[in-house]
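Single-letter residue listing:
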Amino acid sequence: MRWLGFSGKEASLLGTSKAVEAQIEEFLDKVISAGQVFSKAFQVYLSEGALENFNKLVDQIQNIEREADNLRRAIETELYTRTLIPDLRSDVLRLVENVDKLTNMYKANLFRLSIQAPEIPDAFKPKYSELVLLAITCVEAVIDTTRSFFTDHQSVREGAQRVADLETQADELSTPLQRLIFQSDLDLAHKVQLRYFVEHLDALANQSEDIADQLAISAIKRRI
Amino acid sequence: MDLSLLIFLSGGLFLGWALGANDAANVFGTAVGTRMLRFASAAALCSLGVILGAVISGAGPTETLGKLAAIDSLAEACTASVSAGLTVLFMTRRGLPVSTSQAVVGALVGWNLWSGAPTDLNIIGKVVLTWVLCPILAGIIAAILLPLTSLALRALRLHLLQQDSLTRWALVLAGTFGAYSLGANNIANVMGPFTHAVQFEPLRLGTGLTLDSSQQLFLLGGLAIAFGIFTYSRKVMMTVGKDLFALSPAAAWVAVMSHSFVLFLFASKGLAAWLGNAGLPQIPLVPVSSSQAVIGAILGIGLLRGKHGIRWSVLGGIGLGWLLTPIAAAVLCYITLWTISVAKAGVIIL
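Protein sequences appear in the order of chains E and S.
Under the working numbering, the final residue of the first sequence carries the number 225; numbering is consecutive throughout.
Under the working numbering, the final residue of the second sequence carries the number 351; numbering is consecutive throughout.
Watch out, some of these pointers could steer you wrong.
For lysine to any residue, the following SDA-like pairs were computed, each having C-alpha atoms within a straight-line distance of at most 20 Å [unchecked claim]:
| # | chain 1 | residue 1 | chain 2 | residue 2 |
| --- | --- | --- | --- | --- |
| 1 | E | 222 | S | 323 |
| 2 | E | 19 | E | 61 |
| 3 | E | 19 | S | 160 |
| 4 | E | 222 | S | 160 |
Note that these hints are calculated values from the structure, not bench results.
Chain S extracted, bound-state conformation:
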């Protein structure tokens, strides 16, 4: 692979690394934070799930981002990615709730504004709708799944230790499904801006298995996410896991499953086609926030239990993030692209 290509891709790979470092905790945090599963096992399963999800099912949300902005220059795609990454970094440091998905969409709109390409407001509308729908859907699914899980456990009348074993395996399966969904849904954030700018030759892996250009990009992005998981997610897993586990193991499983299902829902072309064939409303395939899905699920569980201790400020923070993150990323991307173009022009004049 050309070294310059790798340098330009580094913006996306950095986003992938950050995604692995932060969001793996949403799927395997409970199992690792409570020492039900060793970190190495969780990281291996999570990486495998993310890579498979990205390569097999990552096309849907990426196509949506591609319709929003078809960046055909590698340097500009890199600028958009870096702008999104810096927005995430800046807002995280300020303690503001931030989602990579929202930053990437903002950066793509920033590129549209700079390049003069039209922004499809219909797609923007769909994307914003999914951001709102994501935590709400996760909350609804959790509120349905929790009583069903409770009923099932009551009917099974398992010994506490048997229930413990079952919960462990259920958390491993939910985590793997979550990792697959995370890869399928969020790979668009990592490699979405590059799909029009980079064209690889089809890669044959043995008989009958060929990776097209996008899939090769997704594989690279998946590897970056895996690198983030192995190098930096342990601490986040321990923290998020214990917070989630305060719910109870079975409720934590419900939260992870609800999160994973929502991410899968917004990523799976097959599921979208099936819903369309069944005459149900089409689900837009859009990258959504993994953390906001988990928060939505936890809120759903809290509301079902009738708890008054729910911190509504968290929801307010998410709403603020929906507004601030894309605007900040769009402005940063626009300014960066403008600065680079002015600097280039200056160099040419000189």
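So that you can see chain E by itself, here it is in the shape it has in the complex:
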């Protein structure tokens, strides 16, 4: 078709879209992997503290986060240079940016633990474990919803509702936990530090909910 003035860019659209599709899938898989490493690292921290095993997992999440960043950049470049999905490009770019923040938040939380090494009293450990699990479930739910947005936008509303429910559960867990912390005999600085970690775990669920809300609106745009 070159004789008609078609560039290679136009002719290879199908191949390009397949490649970007694979990159998006890989990028979303990275978020799930980061969540699994984060969960493992937090449990290790609760049982052993910020020692060798914990530090290995911090290194691991750092690598995952770097790979996710590279994938994000590659996706963004492809979407711009190949002028793919012009009607929804800004939505998808914002989505990719916001999803990438989840990986960053996982990494930042482990860095904070590594730097500050807060002493979490045994009485609070089960609640922290529960909150971590809930936050990760919430992130996994929003990743599922993101996949739905790309392939089956009819089910996005349902997925967004599930994310909202999980975020509410995370709130219902984090608020009483903070109350327990401040009702304890710990000194104020320690209480503030423990609250800080609760808030940052809860922020994962909040970020997931924000993405789910954005997905619900973008899915409406996908209707013809």
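Chain E is already provided as a structure; the job is to place chain S on it using the hints.
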């Protein structure tokens, strides 16, 4: 080719240029306006489609115009064409909705009135009916095609990026079909007034391919349209394309397809014969407005979605155009021909 012939044909060629500059946006505007397709590629495909449509299927609507007014003088055909062109130019500058098809028909009636040739009211009735039918049919087709497209996309469950690729190719195909239909239907506006006045010798292109006199005229007209596409349609494509694209890519495809099908319906002799053989009502082969077909399709989509934001004034404007354009062109053509004849007589007396 004789230079004087080219000068006389310039009225029609100017209409062709204007048609290419404005109406190519209706078929390739979406793809170009959203940068799904480069302008050069779209212009090449559009030109090829228009030329093929004009040469292969342009005879039907041209014959209808020929029955309305058989202008056998080259100068008078040129006057009719220029009158139609000036009417389009004047009304466009005034911001009034205008269609080249309606201006040409008006100019031909103006020639009939001036020359004393009878105007077949039966043909006029058919022509006016098609003007009304064109946007309505496009709207109905769009309202049928949209839910079918939606169902198909839902069943296919394509990834957003795969759907994007599919839409691009679908827009390219719809655009090419649209360009073919535009050439087949609207070449009558460009060269219709000249078919009785100009007689070329049959032109042989290789073995088995011969272009008769009308087809050679259509080829010239098609080239004028292509020139309009390449030189002036980019800006219109960017504007119209973005307006159309506000619908969503798939809905824009529906609008382009509905428009193209309606233009094809009013141009194809084969389809008309097939409908006649099947005992269905005969479709009159008449040049219709490409822009009004697109507006009809968009309104059809809007009504299907139950939108209340439809600007009914647009429909009112189209109705006004049906009335004003042919009258203005007829009056202008009559006055111009009368003035020229009086001036000629004066020169002879002097």
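Structure-based check of all given hints:
With a CA separation close to 36 Å, the supplied pair residue 222 of chain E and residue 323 of chain S exceeds the 20 Å bound. This hinted pair does not check out: residue 19 of chain E and residue 61 of chain E have alpha carbons roughly 28 Å apart, beyond 20 Å. Annotation: proposed proximity of residue 19 of chain E to residue 160 of chain S holds, straight-line Cα distance about 9 Å (limit 20 Å). A distance of roughly 15 Å separates the Cα atoms of residue 222 of chain E and residue 160 of chain S; the hinted pair therefore holds under the 20 Å criterion.
The earlier numbered hints that this structure contradicts are 1 and 2.
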